[in-house]
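Enquirer: So you can see what is in the structure, the chains are spelled out below.
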Amino acid sequence: MAESNIAIELINVDKHFGAVHANDKVNLSVQSGTIHGIVGENGAGKSTLMSILYGFYQADSGQIKVFNKDFRAISSKQSIEAGIGMVHQHFMLVDNFTVLENVILGSEGGALISESLSKARIELTRLAKEYGLEVELDVPVESLSVGMQQRVEILKGLYKGAKVLILDEPTGVLTPQESDELFRIFEALKNQGVTIILITHKLREIMSITDHVSVMRAGKMVAHRETSKTNPEELAELMIGRKVLLNIQKSKANTGKPVLVAKNLEIDNEQGLKRVSDVSFEAHSGEILGIAGVTGNGQGTLLKALAGILPISNGSIEIMGETITSKNSLNPEQLRNLGVAHVPEDRQRMGMIAEFIASETALLGYHNDKSINQGIWLKRALVKANCESIMQAFDVRPINPNLMSSNFSGGNQQKLILAREFERDPDVLIIGQPTRGVDIGAIEFIRKRIIDMRDAGKAIILISVELEEIMSLSDRIVVMCDGQITGTVNGEDADEATLGMMMANALQSENELKGAKL
Amino acid sequence: MTRERRLSWINGLLMPFLNVLTAFIATAIVFVLIGVDPIEATKILIYGALGYDEGLGYTLYYATNFVFTGLAVAVAFHAGLFNIGGEGQAYVGGLGTALVALYLNPALSAWIVIPLAISGGLLFGALWAIIPAYLQAYRGSHIVITTIMFNFLASALMVYVLVNVLREVGEMSPESGDFIKASWLPFVHDVFASFGYKIAKSPLNLSILVALFFSGLVWFFLWHTRWGYAIRAVGKSNDAAIYGGINPKKVIVITMCISGALAGLVGINELMGVQHRLFLNFNYGYGFGGIAVALMGRNHPVGILIAAFLFGILYQGGAELDFELQNVSRDIVVVMQGLVILFCGGLEYLYRPILIRFLAPIEGTE
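So the sequence lines, in the order shown, correspond to chains A and B.
The opening residue of the first sequence carries number 1 in our numbering; numbering runs sequentially from there.
The opening residue of the second sequence carries number 1 in our numbering; numbering runs sequentially from there.
Derived from the structure by calculation, the hints contain no laboratory data.
Don't take every hint at face value.
Claimed, not checked - When the alpha-carbon atoms are kept at most 35 Å apart in a straight line, the in silico DSBU-like pairs for lysine-lysine are as follows:
#1 A/263 with B/198
#2 B/249 with A/263
#3 B/181 with A/384
#4 A/202 with A/129
#5 A/25 with A/220
#6 B/249 with A/384
#7 B/249 with A/370
#8 A/129 with A/25
#9 B/43 with A/370
#10 A/379 with B/236
#11 A/65 with A/77
#12 A/370 with A/384
#13 A/448 with B/236
#14 B/236 with A/370
#15 A/379 with B/201
#16 A/202 with B/236
#17 A/327 with B/198
#18 B/249 with A/327
#19 B/236 with A/384
#20 A/327 with B/201
Please model the entire structure based on the sequences and the hints provided.
Expert: Structure representation (structure tokens):
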């Protein structure tokens, strides 16, 4: 292979954070004009590596070459000048600026911006045509869909002259259809000679779009493969260093009586905006009910209402024989006492307290429990012993109740929260994003535990943005779009395309269209 | 885990120590600038505060006040609330104490009167904090603003009460009559004398035991009761607290009541212990000093005891400096306090990066 074809080359890049060896002599070469995937578990060092490339961090040692020139970035400015663009997982856009204003942010070029605006308009129109990235330029970004906002991010990079685009988990917030659209854009970019580095943990994406793939594990680059010569099983094994079951085995559900009945629910979020309207469903014991949907379509609000965090403004929830209405609400503690456990979507902000030690996080929601209180005295020794035993049961590592919660890895934090909720033997489990930001080994473990709970006769309501997770776990799936239920399917009949259509509420409009024609 | 422990050691002890040291070095520079020999000044200050019975007595007497207000600030801080209103709560708390100590039947036993008078201070301090707390919890008015305003309100209220209500007929100065004897807290020198030990007279009285008792109580309450857990949960993460079935609004009100009650104990020391009457501005400076004490003491009762002792030394030693040296006025104490607050509060993490870098190679070898 000719030297000149290498867009980015990393030689023995090394980076420590205190005692943590985040990148251990990493070598990587990315060929120009290809799509190169980087996979690895959380904490494997992918993000650190890309942050070094983008100038957020400096490597302790090692060499970086960009288009065969030595490169050392002190800030993102040098990276942009060298032709590297980055699309972050969370968009870096000013919501109430128009697309055009967002694109020139950071390259305004002078006191008056009218000139650069008109220059940018011409350039963007050209770019949009060339790469198939059509976006309306004069609307505020906040009025665009997530997929469109991502296009703006990509355009921003290209406008600044990026020849290499780094995308960090770009499909996390997209519907399957939007993801496919994004992949088409990738192809167009690639055909125009742009190099793409795709960081992801979704092996399906790696297999379908990339030319090459590199696998990281525990700070080391463990393998480079040509995508056509590998398979998901091999990659998964490389990522975690052992064989994994990608598809969880589960028996048929032994569905019992309904234990949670929601009728015509209407719920406002914290800001008082109506996010759920006219939602009705039943959850039965011994069954996993999956609620699918693109992030921000009311599932989160629904979850909080079921857990007693948000009041409902209309309708009713019958749960374990109690009826919750807008007038008769139950708080989270009362619901816990009824046997409803809740694993919140936002582990960091809600599920745990980062600055509490593990045993205190393991107490959250149960600090009034009679078994650990004697009069006014909270028996800390007992709390710690309990924490240790649930840590053992859920393989939380390290087993140290005195360790600060924030010092556990994401997967272990999640396992600690699940352990807290599962070990109380609840009858209804409300689980949000059980495996978000969790590494593959822990995902397998967590999903098995959820199925165990189902087989023990619990009613489980599962919310996840991972369609694959919803499909592999749920016995029944309801799909939400824009605060309403847009479809219900049986777990075994579900396929990605149908769910995707329901998530975008396209089926109904199609039916309406058909209805209109008839 | 060793890393954990080392970090907590750095945060808890080494950094405050270095910060205080820096404040003293800065004070030394100020001394040099005004033409005072800093070494001589240090000698006077230390001797004046710790060198003899009377000086030590004064130091501990000042420290007692700082323990109360320091605990008050710390408890609020654990719920994420910055209670600037210690000054006013201490003032009004004193009124509560005084009302009990003035109007209770003089024939009652001290064993009944003293607990009641202490309760009066606790209750009035708590009441003075409850309105800002309610406004923060249910109306979203920021606690810093409202508690500051309540300091001024307390000031005005106390002037009114002292001038128009409690002032004795024919008296010129705005102060109450004498408390009933049963409410007087014994002086430490009297207690010692009753056991046959003779020590010099000082205002130090048994409220220092009350201060130690409440330090222990606050420690137990915050870390060994479910309510303390709820308070700390609200302080660290509002969302997580709600998730855990804790009502942050209630917790805010309760915490502020406890905080105000603790500040209200300043009157025990000043009024029941020393002056035996209610007078203007007995609380002066202790409420704000408590903020610095809590900051320095890392909001932990043990740290607060140490920091309060240090502030007691500054108060008493500063008074001695003023007395001994001609070109030093009592304001130097305010300067020193200010520097301590600056380095312990504002520049809290000044040495952290250096210490961490210094310790990193040691950790690497483990």
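Enquirer: Each hint: holds or not?
Expert: Okay, the hints, checked on the actual structure:
{"no.": "1", "hint": "A/263 with B/198", "result": "80 Å, violated"}
{"no.": "2", "hint": "B/249 with A/263", "result": "30 Å, holds"}
{"no.": "3", "hint": "B/181 with A/384", "result": "50 Å, violated"}
{"no.": "4", "hint": "A/202 with A/129", "result": "30 Å, holds"}
{"no.": "5", "hint": "A/25 with A/220", "result": "7 Å, holds"}
{"no.": "6", "hint": "B/249 with A/384", "result": "28 Å, holds"}
{"no.": "7", "hint": "B/249 with A/370", "result": "24 Å, holds"}
{"no.": "8", "hint": "A/129 with A/25", "result": "41 Å, violated"}
{"no.": "9", "hint": "B/43 with A/370", "result": "56 Å, violated"}
{"no.": "10", "hint": "A/379 with B/236", "result": "21 Å, holds"}
{"no.": "11", "hint": "A/65 with A/77", "result": "16 Å, holds"}
{"no.": "12", "hint": "A/370 with A/384", "result": "16 Å, holds"}
{"no.": "13", "hint": "A/448 with B/236", "result": "32 Å, holds"}
{"no.": "14", "hint": "B/236 with A/370", "result": "24 Å, holds"}
{"no.": "15", "hint": "A/379 with B/201", "result": "44 Å, violated"}
{"no.": "16", "hint": "A/202 with B/236", "result": "34 Å, holds"}
{"no.": "17", "hint": "A/327 with B/198", "result": "70 Å, violated"}
{"no.": "18", "hint": "B/249 with A/327", "result": "20 Å, holds"}
{"no.": "19", "hint": "B/236 with A/384", "result": "20 Å, holds"}
{"no.": "20", "hint": "A/327 with B/201", "result": "66 Å, violated"}
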